[in-house]
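Residue numbers (our numbering), protein chains in the order written: chain A, 1 to 310; chain B, 1001 to 1310.
Check before you lean on any hint, since a few could be wrong.
What the hints assert, rightly or not - Listed next, with one range per pair, are the computed distances between beta-carbon atoms: (1) B:Ala1280 - A:Ser20: 49 to 55 Å; (2) B:Asp1204 - A:Asp71: 56 to 62 Å; (3) B:Thr1301 - A:Gly53: 18 to 24 Å; (4) B:Lys1042 - A:Lys243: 58 to 64 Å; (5) A:Ala27 - B:Thr1301: 15 to 21 Å; (6) B:Ala1280 - A:Leu308: 17 to 23 Å; (7) A:Ala269 - B:Asp1204: 37 to 43 Å; (8) A:Glu5 - B:Lys1243: 57 to 63 Å; (9) A:Leu308 - B:Glu1230: 25 to 31 Å; (10) B:Glu1230 - A:Phe205: 46 to 52 Å; (11) A:Ala280 - B:Gly1244: 28 to 34 Å.
Unchecked claim - The calculated BS3-like cross-link candidates involving lysine-lysine, where the alpha carbons are at most 27 Å apart (straight line), are: (12) B:Lys1265 - B:Lys1307; (13) B:Lys1042 - A:Lys258; (14) A:Lys258 - B:Lys1300; (15) B:Lys1300 - A:Lys265; (16) A:Lys265 - B:Lys1292; (17) B:Lys1265 - A:Lys307; (18) A:Lys2 - B:Lys1012; (19) B:Lys1292 - A:Lys9; (20) A:Lys12 - A:Lys2; (21) A:Lys17 - B:Lys1009; (22) B:Lys1265 - B:Lys1017; (23) B:Lys1265 - A:Lys258; (24) B:Lys1292 - A:Lys12; (25) A:Lys292 - B:Lys1009; (26) B:Lys1009 - A:Lys307; (27) B:Lys1265 - A:Lys292; (28) A:Lys300 - B:Lys1292; (29) B:Lys1292 - A:Lys258; (30) A:Lys265 - B:Lys1017; (31) B:Lys1300 - A:Lys42; (32) A:Lys243 - B:Lys1292; (33) B:Lys1300 - A:Lys292; (34) B:Lys1292 - A:Lys292.
No lab work stands behind these hints, which were simulated from the structure alone. Keep in mind that this is a model prediction, so the values were computed, not measured. Just so it is clear, CB atoms sit at the ideal spot from N, CA and C, and this is done for glycine as well.
Each chain is listed here by its residues.
Protein chains: 2
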Amino acid sequence: MKIVEQVLKGDKRAAGKLISMIEDDDAGATEALAAIYPHTGKAHVVGFTGPPGVGKSSLINRLIREFRVRDRKVGVVAVDPTSPFTGGAVLGDRIRMSDTGTDPGVFIRSMATRGHSGGLALATFDAVKVLDALGIDLIFVETVGAGQSEIDIASRAHTTVVVQMPQSGDAVQALKAGILEIGDIYVVNKTDLGGADSMASNLDFMLEERQGWRPPVVQTSALEGKGIKELADAINKHYRYLKGGGGWRRRESDRARKELYESMKRLLAEAYSDETEGVAFEEVVGAIVVRKTDPRSAAKTLLRDLKLPK
Amino acid sequence: MKIVEQVLKGDKRAAGKLISMIEDDDAGATEALAAIYPHTGKAHVVGFTGPPGVGKSSLINRLIREFRVRDRKVGVVAVDPTSPFTGGAVLGDRIRMSDTGTDPGVFIRSMATRGHSGGLALATFDAVKVLDALGIDLIFVETVGAGQSEIDIASRAHTTVVVQMPQSGDAVQALKAGILEIGDIYVVNKTDLGGADSMASNLDFMLEERQGWRPPVVQTSALEGKGIKELADAINKHYRYLKGGGGWRRRESDRARKELYESMKRLLAEAYSDETEGVAFEEVVGAIVVRKTDPRSAAKTLLRDLKLPK
């Protein structure tokens, strides 16, 4: 496929087009993704999560510049999994206007994936694969908030950065939200607001070493450009830790396992979509409603008679 | 199965045991659920959602008493889908201690379903089926918060009640959270705090008629027992609307469709669990990690070679 060749040669426009195809659930995207897959696995993927308003976008914009100084090609995939009712992709416009937009070593893309049949996480990491095949060294995955689906996405990265701010509540609240278990690096952003020291030491007190890595707490002010070098160093240090100790392989396996299940789920959705076996599927739904069969027995029948899409 | 006969005879202890089996992913639960399924579909299922602290539990306790006066058998399934990291089921203890606990016409149960292989929604509605088969007329499904997964659960009910309180933010925030699209009945609780009138009229202004039903806004004070009769009347009115206009069948179909997909997903998880084909599955994961194959191609192979569990 031409688009695959173009992406592998580093053509950013082709990469953008392929990501649009992924968003649109285009049949060609599946084929292209299979073709680029052998050329992926080199990029370091860093996920960012934290409540809305803590300054993740500003932080990422600062990091992009820092890593460009260090001569690394940087990509951003911004994800906006808001309510299925209200839609999303507010984020994209904001980030697209950032001052790094014209640099050829930077690729920024927001995902608008309402109703993607493979789920938001799968679509996001399909976009990550495109950037990886494009030759990007470092890919930031940015989520808008810290809901369950966003935490799920951010924690599929090799390195998960959890961003907080001094005002965002005391340490006990952080504990409640379950974020203490998912971060490889913690950031207290907006140190300019004050109170960052106590928040950082509270966080630091609660964090524990896991598999030879003790998550550092970095204080930053994206507004004033403070702490950005330290955060970039922490990201690089975690990369070396992963590559040195086998953590890389474990995280790649975790993601592969999840993507395998999601792909199976997606194949099922395709096999029983409106265009193909839709009628039979709805007949089965009707049989469940009138209690002729139960959901599990019906599911077995559907799996047994499954005709896989090409 | 003995437990099935007992549940169908109205044995509450047997129902409790069967729900525990569902929580534990017990193999016997699957068989029992298939056996009770033909005896379900009679109960009116009412889902409650809204931010933590708006008083959903108190409201439900008041409603239980109101519907007991009206001689209806009432059940509650309380769901606590908190972070996968911190667990849940705080709710259960609270609700179990309610003053309706000893009434034979009331069945209250909280779900603790960390890691249920079919997902929290499937487990919840499996419990609902048990209560339905037990002969309960009216089943309340209570979620702790208003996150995406909780909204998903509440909106699978026949009737979805969205609970707010005057202090929980202005109407624009309600709009943002996407709750205006999901409720069949809106409640402004804690009228004792003041400001309920303006919240209620704001809500009322934004709500639109959908398929012949205009969601009413009911003001209540669970603390003082005010507005409970009106809420119970609204719930009954919605039931008559659903039964009269075909909405019942549509909602049953929606749920059947979702449960069918979830059951397929669950069957896949079982077929490729550690105990059975675990090794082959992990081999495939390894092949993905080293880029010998891609997730979608691997998923096709696994689906093709699928050995369905009994």
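Hint-by-hint comparison with the structure:
1. B:Ala1280 - A:Ser20: 49 to 55 Å: 36 Å, violated
2. B:Asp1204 - A:Asp71: 56 to 62 Å: Given a distance of about 59 Å, which is inside 56 to 62 Å, the answer is holds.
3. B:Thr1301 - A:Gly53: 18 to 24 Å: 45 Å, violated
4. B:Lys1042 - A:Lys243: 58 to 64 Å: For Lys1042 (chain B) and Lys243 (chain A) the Cβ distance comes to about 60 Å; the hint holds.
5. A:Ala27 - B:Thr1301: 15 to 21 Å: 20 Å, holds
6. B:Ala1280 - A:Leu308: 17 to 23 Å: 18 Å, holds
7. A:Ala269 - B:Asp1204: 37 to 43 Å: The hint (37 to 43 Å, Cβ to Cβ) holds, given that Ala269 (chain A) and Asp1204 (chain B) are roughly 38 Å apart.
8. A:Glu5 - B:Lys1243: 57 to 63 Å: 60 Å, holds
9. A:Leu308 - B:Glu1230: 25 to 31 Å: For Glu1230 (chain B) against Leu308 (chain A), whose Cβ atoms are near 53 Å apart, the range 25 to 31 Å is violated.
10. B:Glu1230 - A:Phe205: 46 to 52 Å: At 50 Å between Cβs, range holds.
11. A:Ala280 - B:Gly1244: 28 to 34 Å: At roughly 30 Å between Cβ atoms, Gly1244 (chain B) and Ala280 (chain A) fall inside 28 to 34 Å, so the hint holds.
12. B:Lys1265 - B:Lys1307: OK: Lys1265 (chain B) and Lys1307 (chain B) at ~14 Å, within 27 Å.
13. B:Lys1042 - A:Lys258: 38 Å, violated
14. A:Lys258 - B:Lys1300: 15 Å, holds
15. B:Lys1300 - A:Lys265: Holds: Lys1300 (chain B) and Lys265 (chain A) sit about 10 Å apart, inside 27 Å.
16. A:Lys265 - B:Lys1292: 21 Å, holds
17. B:Lys1265 - A:Lys307: Holds. Lys1265 (chain B) to Lys307 (chain A) sits at ~16 Å (cutoff 27 Å).
18. A:Lys2 - B:Lys1012: 65 Å, violated
19. B:Lys1292 - A:Lys9: 21 Å, holds
20. A:Lys12 - A:Lys2: 14 Å, holds
21. A:Lys17 - B:Lys1009: Measuring from Cα to Cα gives roughly 61 Å; hence the hint is violated.
22. B:Lys1265 - B:Lys1017: Roughly 25 Å separates the two Cα atoms, so the pair holds.
23. B:Lys1265 - A:Lys258: 12 Å, holds
24. B:Lys1292 - A:Lys12: Within the cut-off at roughly 26 Å; holds.
25. A:Lys292 - B:Lys1009: This hinted pair holds, its Cα atoms lying about 21 Å apart.
26. B:Lys1009 - A:Lys307: 42 Å, violated
27. B:Lys1265 - A:Lys292: Holds: Lys1265 (chain B) and Lys292 (chain A) sit about 21 Å apart, inside 27 Å.
28. A:Lys300 - B:Lys1292: 30 Å, violated
29. B:Lys1292 - A:Lys258: Given that 27 Å is the threshold and the Cα spacing comes to 17 Å, the pair holds.
30. A:Lys265 - B:Lys1017: 31 Å, violated
31. B:Lys1300 - A:Lys42: 25 Å, holds
32. A:Lys243 - B:Lys1292: 20 Å, holds
33. B:Lys1300 - A:Lys292: 30 Å, violated
34. B:Lys1292 - A:Lys292: 44 Å, violated
Checked against the numbered hints above, the structure breaks hints 1, 3, 9, 13, 18, 21, 26, 28, 30, 33, 34 and satisfies the rest.
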